[in-house]
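Engineer: Sequence:
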Amino acid sequence: MKTIATKDGTEIFYKDWGSGLPIVFHHGWPLSSDDWDAQMLFFLEQGYRVIAHDRRGHGRSSQTATGNDMDTYAADVAELAAHLDLRDAIHVGHSTGGGEATRYVARHGAGRVAKLVLIGAVPPLMVKTAANPGGQPREVFDGLRKELAANRSGFYWNVPVPFYGFNRPGTPLVEPVRMNWWRQAMMGGAKAQYDCIEAFSATDFTEDLKRIDVPTLVMHGDDDQIVPIADSAMLSSKLLRKATLKVYEGLPHGMCTTHADVINRDLLAFIRG
1 MKTIATKDGT EIFYKDWGSG LPIVFHHGWP LSSDDWDAQM LFFLEQGYRV IAHDRRGHGR
61 SSQTATGNDM DTYAADVAEL AAHLDLRDAI HVGHSTGGGE ATRYVARHGA GRVAKLVLIG
121 AVPPLMVKTA ANPGGQPREV FDGLRKELAA NRSGFYWNVP VPFYGFNRPG TPLVEPVRMN
181 WWRQAMMGGA KAQYDCIEAF SATDFTEDLK RIDVPTLVMH GDDDQIVPIA DSAMLSSKLL
241 RKATLKVYEG LPHGMCTTHA DVINRDLLAF IRG
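Quick note on this note's numbering: the sequence shown kicks off at 1 and runs consecutively.
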């Protein structure tokens, strides 16, 4: 297993396959780098170097009790990028990973990042505030924390249903996909995943988005039940300097898995372009 030790001693697990132009993948909550299997295998075959890490507290990385916040997540990525000496990298973030990638590119990416992709990503801000009236009430995220603390295994068994749109008429529930989501979620640490709910819901990325000056592709399904499109992609694409917005009719939050062929094709076109 490949790992690096961060400045605070946290072990960060990562995969680094192939050679060529590097693509760095940032996974969502409460998953791991395994969630990018369909993308990593595809881009490896296309001749790219593919890299993905397990965020601290998730997957095979240390089950941290501290540092479970966006500033630290981004700093961890910066240490990994420096360790691997990544240059002209394309960073691809899904959901919470989109927030992590946004903060990394805005604050640490100078001279190392060529492009950014945000897929079903949480920026600019998920929670409802006076400045963000379209956000979700804090009680929604308090409820997630309560369910996680009461019965993490049962909670994680239920989340994949709306995550992949399995609750929509005519959409079959694919048990292996559900089980793989649950497997990844249960690998991580309860404390880190509990804290991460605050990190992905209450971190304001507005200024980060304004600061980013690399070409950015914003991809979002309009039937995303986890990160509603109106208060995420539609706003982020207006704050970014060089944004391209691509909306996918009827696709769910987990479209990188359910519609990997569509997402991979469009990612490849953006990267090559």
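Note that these hints are calculated values from the structure, not bench results. Any given hint could be a false lead.
[Unchecked claim] Simulated pairs of lysine-lysine, DSS-like, Cα-Cα distance not exceeding 30 Å:
id, residue 1, residue 2
1, 115, 15
2, 238, 115
3, 128, 15
4, 191, 2
What you are looking at is a predicted structure, and each value in this text was computed from that prediction instead of being measured.
Engineer: Any hints from earlier that this structure breaks? Give me their numbers in increasing order, please.
Structural biologist: 3
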